[in-house]
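There are 2 protein chains.
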Amino acid sequence: MKIAIAGSGAMGSRFGLMLQKSGEDVLLIDGWQAHIEAILSNGLKANFNGEEVSVNIPIVHQEEVHLDKKYDLIILFTKAMQLDKMMTDIKGIIDENTQVLCLLNGIGHEDTIEKYVPLENIYLGNTMWTAGLEGPGVAKLFGNGSIELQNLGVGQEENAKKIAEVLSNAGLNASFSENIRLSIYNKACVNGTMNGLCTLLDVNMATLGNTRTALYMCRSIVNEFAAVAKFEGVALDIPAIMEKIKSCFDPLTIGLHFPSMHQDLMRNNRLTEIDFINGAISRKGRKYGIVTPYCDFLTELVHAKEDILKAE
Amino acid sequence: MKIAIAGSGAMGSRFGLMLQKSGEDVLLIDGWQAHIEAILSNGLKANFNGEEVSVNIPIVHQEEVHLDKKYDLIILFTKAMQLDKMMTDIKGIIDENTQVLCLLNGIGHEDTIEKYVPLENIYLGNTMWTAGLEGPGVAKLFGNGSIELQNLGVGQEENAKKIAEVLSNAGLNASFSENIRLSIYNKACVNGTMNGLCTLLDVNMATLGNTRTALYMCRSIVNEFAAVAKFEGVALDIPAIMEKIKSCFDPLTIGLHFPSMHQDLMRNNRLTEIDFINGAISRKGRKYGIVTPYCDFLTELVHAKEDILKAE
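Just so you know, the protein sequences line up as chains A and B, in that order. Letter by letter, the first sequence follows residues 48 to 359 of this note's numbering. Letter by letter, the second sequence follows residues 48 to 359 of this note's numbering.
If you are wondering where the hints come from, they were derived from the structure by calculation, not from laboratory data. The structure displayed is predicted, hence computed values, not measured ones. Glycine included, C-beta positions come from ideal geometry on N, C-alpha and C. Misleading hints may appear alongside valid ones.
As the list claims (entries may be wrong) - Result set (SDA-like, lysine to any residue): computed pairs, CA atoms no more than 25 Å apart in a straight line: (1) B:K293 x A:L356; (2) B:K291 x A:I355; (3) A:K334 x B:K291; (4) B:K334 x A:G190; (5) A:K357 x B:Q310; (6) A:K126 x A:G190; (7) A:K293 x B:L356; (8) B:K357 x A:K126; (9) B:K357 x A:K334; (10) B:K277 x A:I355; (11) B:K357 x A:F305; (12) A:K126 x B:R259.
What the hints assert, rightly or not - Far from chain B, by Cβ distances over 12 Å, these chain A residues were calculated: (13) V213; (14) T260; (15) G336; (16) Y341.
Unchecked claim - Which bits of chain A does chain B cover? Going by a derived footprint, with three or more residues having C-beta under 8 Å, they are: (17) 102-112; (18) 299-311.
If we strip away everything but chain A, and leave its shape as in the complex, we get (with noise of 0.2 Å):
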């Protein structure tokens, strides 16, 4: 199968790495000149799961792919800010036999898909994957993960099934969901509470979880994301998101950790995934007619400190 890794930073390298190690014919696209001259001279490096290994893979800048060659698989897995721009650059591998499945975190993705590809070609996934960069070219795969995905496009079921097959003979676990949107929208609970949060406090997850309104906060802004996800005929399940959250802020597990955005914005100085979490809900619920004023704050905040900052 022809696959195109559209986004291959830590996680589109594992998928790149472990599909074609699978058999497939792999191409990764990324945006990243270090990254990309480093795997062309010397290969992509990765400690996977502890043994080096160094891997001859075909990459290419997503401003110079060969548009004469057609792709039987997108996987997109840029930043979610860098999405538009990336379907904007590789439009031209993309014919109507080409199906997309979208990895990134975050929610509405597809708004900004559907603008380069029908909706029958498109697939939504939710991973459960995690994976590192240490540095251009080289990459720090541990630990085990699962993917779900779902087809968007009325009848595409079996043609989900088949990528998940796919993807399971690489070793990467994927299974086929009848409510994709779901598992997007719990993992966006999850996001949309301590990634904000956290970020703006600059605090670990088990700081916040000690403070008298941690819980206040969450809820109200859960409550949001249940609202917007109602309306699009998803019920979340309100108390066993909170104690999933609840579960974030225990030091014995993954409590000491910063959620992501907090390592992008207040350690690496990088813009933030903000407006496609919180700031998504923001959209949807002006679309629909939902007030969201809590996602609406976090998200304005979350950008005044960008702009204090100073973040690109």
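Once you have looked at the hints, place chain B on chain A.
Frame of chain A, contents of chain B only:
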């Protein structure tokens, strides 16, 4: 006139000093032992518009007030969160002839005072004077100011004007106001935007003003103040308040200053007055059936920051 100043920090010291100088019988009341001892030993020392003065002025700890002496006028100048304790401590010096003038920052203090004083003896004021403390017993009193005040009780206008006269005789430039709540709300709108946002984002007012979302956030907060004020029959001029807020962002005037709440929490690790600014709007909103999510969330975030910094 027998006048007690309940809360004799920087502003209370200014008022006590100026009122005693004009011939009034003044007692300072406070809860800070070191400050009391310094004034008992060395008098109140002050740099008063450039002149070093040292004045003997009676001061007593609020828990040791002589309860046999009643006062004609009590001027309240505590920190907002200390008001209730102060009223409990000094209720013995209040009788049916004691007038009580509240000059605290923030809104809604009359709800606390009414538990101790009949409505017809309560007066609300708004002061534009400033003052600072350099240490226990040492004040810095620069510049000019003014006071507006009004009776809360029906038919007490003449008494309000008499209080204004006593204050003006001491050089405090007081006048009777036909609509003190409007003045208080106008001031609270500036405090309710600059204080919480600059504290949370750890910036001065000019830096806040330079963020892309500052005006949206301020406007949303002011809208909530206006909705609550309207329910109380006070019509806020939102465009005029937004102009006032914009003027705070100007680095050529006061933009480079950090609001007092930032100094309290971020510099001195003290609990903030947020419950009596945005938090008061939230409480009033709940009472009136008006939603105030921006004030709710801002209050919760500032409380979280207090907990994180272990403020006291």
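(request) Take a quick look at V213 of chain A and tell me if its Cβ sits farther than 12 Å from every Cβ on chain B, holds or violated. (result) 43 Å, holds
(request) Examine the region 102-112 of chain A: at least three residues should have C-beta closer than 8 Å to a C-beta of chain B. (result) Coverage by chain B is violated for the region 102-112 of chain A (0 residues, Cβ < 8 Å).
(request) Starting from K291 of chain B, check that the Cα of I355 of chain A is at most 25 Å away, please. (result) 22 Å, holds
(message) What's the verdict on K357 of chain B and F305 of chain A, does the C-alpha distance respect the 25 Å limit or exceed it?
(response) 20 Å, holds
(message) Tell me if the straight-line CA distance from K126 of chain A to R259 of chain B falls inside 25 Å.
(response) Holds - the C-alpha atoms of R259 of chain B and K126 of chain A are around 22 Å apart, at most 25 Å.
(message) Check whether the Cα positions of K357 of chain A and Q310 of chain B lie no farther apart than 25 Å.
(response) 24 Å, holds
(request) For the pair we were handed, K277 of chain B and I355 of chain A, check the Cα-Cα distance against 25 Å. (result) Violated, because 34 Å separates the two Cα atoms, which is more than 25 Å.
(message) Just want to verify: G336 of chain A was marked as not at the interface with chain B; is every Cβ pair farther apart than 12 Å?
(response) 15 Å, holds
(request) Quickly compare the C-alpha distance for K126 of chain A and G190 of chain A to 25 Å and report which way the hint goes. (result) 22 Å, holds
(message) Over 12 Å from every CB of chain B: does T260 of chain A meet that, or does the non-interface label fail?
(response) The assertion about T260 of chain A is violated, with a minimum of 4 Å to chain B.
(message) K293 of chain A and L356 of chain B were given as a pair; does the straight-line alpha-carbon distance stay at or below 25 Å?
(response) 21 Å, holds
(message) Against the 25 Å threshold, does the CA-CA distance of K334 of chain A and K291 of chain B hold or violate the hint?
(response) 33 Å, violated
Checked against the numbered hints above, the structure violates hints 3, 4, 8, 9, 10, 14, 16, 17 and 18; every other hint is satisfied.
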